[in-house]
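Undergrad: Residues per chain are reported as follows:
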Amino acid sequence: MNTLAISHSRLRCLKMSVVHLKQIRLFSTTNLNCGELTKTQEENGIRRIILNNPKSRNALCMTMMNELLDHISLDLNNISLRCIVISAEGPVFSSGHNLKELILENKDYKSKEIFSLCSVLMKRIMEVPVPVIAAVQGPAVAAGCQLVAQCDIAVCTENSIFSTPGSHFGIFCSTPGIPLVRTVPRKIAAHMLMTGEPIKAEEALRVGLVSNVVPSDQLESEVMKICNAIKSQSKSVVALGKRFFYEQLELDIHTAYRLGENVMDENVQLIDGQEGIRSFAEKRKPVWKHNFDKLFKA
Amino acid sequence: MNTLAISHSRLRCLKMSVVHLKQIRLFSTTNLNCGELTKTQEENGIRRIILNNPKSRNALCMTMMNELLDHISLDLNNISLRCIVISAEGPVFSSGHNLKELILENKDYKSKEIFSLCSVLMKRIMEVPVPVIAAVQGPAVAAGCQLVAQCDIAVCTENSIFSTPGSHFGIFCSTPGIPLVRTVPRKIAAHMLMTGEPIKAEEALRVGLVSNVVPSDQLESEVMKICNAIKSQSKSVVALGKRFFYEQLELDIHTAYRLGENVMDENVQLIDGQEGIRSFAEKRKPVWKHNFDKLFKA
Amino acid sequence: MNTLAISHSRLRCLKMSVVHLKQIRLFSTTNLNCGELTKTQEENGIRRIILNNPKSRNALCMTMMNELLDHISLDLNNISLRCIVISAEGPVFSSGHNLKELILENKDYKSKEIFSLCSVLMKRIMEVPVPVIAAVQGPAVAAGCQLVAQCDIAVCTENSIFSTPGSHFGIFCSTPGIPLVRTVPRKIAAHMLMTGEPIKAEEALRVGLVSNVVPSDQLESEVMKICNAIKSQSKSVVALGKRFFYEQLELDIHTAYRLGENVMDENVQLIDGQEGIRSFAEKRKPVWKHNFDKLFKA
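Residue numbers (the working numbering), protein chains in the order written: chain A, 292 to 589; chain B, 292 to 589; chain C, 292 to 589.
Hint data in this document are derived by calculation from the structure and do not stem from the laboratory.
All values reported here derive from a predicted model rather than from experimental measurement.
Hints should not be assumed to be uniformly reliable.
Note that the list lumps identical chains together, so a pair holds whenever it fits in one copy or between two copies.
[To be verified] In the SDA-like style, the derived pairs of lysine to any residue whose C-alpha atoms are separated by at most 25 angstroms in a straight line are:
| id | residue 1 | residue 2 |
| --- | --- | --- |
| 1 | K491 | E513 |
| 2 | K401 | L360 |
| 3 | K398 | E327 |
| 4 | K414 | L540 |
In isolation and in its complexed conformation, chain A is listed as follows (with noise of 0.2 angstroms):
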């Protein structure tokens, strides 16, 4: 083990956005347990973060995009955070940004500091060193369409339907059709972005935008199962492969692939590397360390 080498490589990147992100919470007011408009519950390694506002049909309003920026980037070095559960209450997923919010003449009208603070949201689901699961069981409309498709990965019930019809309240949805067109494909985003027609739970497993629909009642068990997969894992295992998953995605692939040979060679470095290589060949279970440490050739 060599703390000066790890000094030294990207992995140390992963570490200071980590750290980075748990200074932010210096400056939150919110308080992890009791949000205004969200639930958040934490156990067994499952940060449950609930939309939990619907009357307003969990509208994406300056409040609640707070609220859940706070909650997706508390205690993330925390060993046993192991992934974020997105989910909602009521009929309605989520019907996007609160308009009222949009009224020029109104006293609360923020218009650039609602759509910044969307997309630091956005982004951070893409920074946070777990995966987010998105877990949707009614409609998600235009922002709230947007949060389904940013997460990691989404699941949702056969009775949801996804739409971006914000053109037709005068709010082309140009910021939802960033993760939108990068999640389905370029012709099913734009038949959604200019028609603003709904697309089906049916429908989203096909073009990719859900990876499963299931009844209603079949939620929670589905989430489970993805959830226990993650967390069998190492966490610094899982940070470091969604990390450079982001990352690849972006280039050509030629340097994808440079960047890659490294990310590999490192990963096998790990200590947590090399337990689940040796924990596979003498056929039992991993013990994990869930840190960046490397182990050294002797």
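With chain A's structure known, arrange chains B and C on it following the hints.
TA: The following block gives chains B and C in isolation, referenced to the frame of chain A:
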């Protein structure tokens, strides 16, 4: 309302390109209503451009491409124009380029001009400020398949098929592959291009080349459904949205979000943006201006 | 025909790389017909490379990867070679890297070399001038799944499954994720990589990882259908098309169209380009030269 402010915004570019496109008409000799190989009609906001040379299987010869380009480019800043539908007469949608124009010894050989014009035509579909919909009623082959892949939205009948078999005739479908691989999964595009094998309507739906497949007698009603959804929106909001859609999908996601925040904020400031939000709050139909004028806070 | 002109065209690069690849053979010690872990046979234009180490589940150990690389790289400018098929003996297509070679304390530990060689192998599949087809008859795991994702075309049997479960053994499938996320929708790739859960053949078809799924006893006929479609074309036209396919898909669409115009125009000037067009006009079978010689207007 402050026209000076608009002149400094990115919206100006959009207006400029519309003006530019209008000027192109001055150089066109094609009459809007009686092209040699196409029919065009415009009614209730929908411009219909119909490939009308069934005996040559609607080949995209120079004349056909020039007529298409003219009809697509005309009068784009006319508020009444809201979407463009490209369809075809006869059993074939389009068989692609006219191979006779590519025989070196023929007097009308003009390979360079053909592929240059074809690229201009294809890019124009992305550039025009209204959605362009392909309504496919039969085989779309080679550059005919390219035309479908390049449209913003495409729907087809159950008997439609799509193929890029150029290399069987010595000319690999290299340029048809450009919009194709950006529309369908990479391996599907490779299979189509390298084998020349067609895909059927149902497979085109599965891979995202079209967003709906209908029986032949329902193609018109399906197209009308899409057009009506577009027509109920503000032309300027759709134009702004379409433009950013094609801009952002070429960018890394962080740059896309950075630019997207501004696009959303500018959209909100439009008179039509504010009208849309208010009409929603007031539970009434919006009354659109269809322009890029902004509303400023008093 | 003007060889000087060719030497200044982009086609020259293609020839060069073929020459370069041929030279590599000089450094190879593997015999074409009796590799240690693979079998290779070439007949009627089809080179078949068969992973033949069922007792190690066709692990991609150094020896296996070296043999694959050699067999893929050999004799590429031989006109009779028209496509390469990669298949496997035994119940498993490939289980991925040999984990024993990644145990730090083992004498044959060579992590850096393994991932470097693997990248060279994967990129070679894109670089060779003939289509490479994966014919999958069972589980394709980790780097085995990467191999399938990286091939130009892939088909599989109904009992095939695909997974990237590396992180369960401490090594996140970071490099398998490179071709995977370029082949299937982003969320499907993320789900596979972050959970390690497999997808079945039918899902692989839905997400575009394979272009057809057949019963086991029809895999050979499905492969032959693809190979025959490729074999009826000019080798040089396919080579030109494959090369531009992988070039253009990395570019913004405007650059792609700009380069594509030239590629089409050069293709038309090839003797095989003109032969293809003429044979179509004359309703006869084309007679290909399979080279890059051009025909110039008298």
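Undergrad: If a hint holds in the structure, say so; if it doesn't, say that too.
TA: Against the structure, the hints come out as follows:
no.: 1; hint: K491 / E513; result: both (19 angstroms within a copy, 17 angstroms between copies)
no.: 2; hint: K401 / L360; result: within (18 angstroms within a copy, 42 angstroms between copies)
no.: 3; hint: K398 / E327; result: within (21 angstroms within a copy, 59 angstroms between copies)
no.: 4; hint: K414 / L540; result: both (15 angstroms within a copy, 16 angstroms between copies)
Figure legend: structure checked against the earlier numbered hints; every hint is met.
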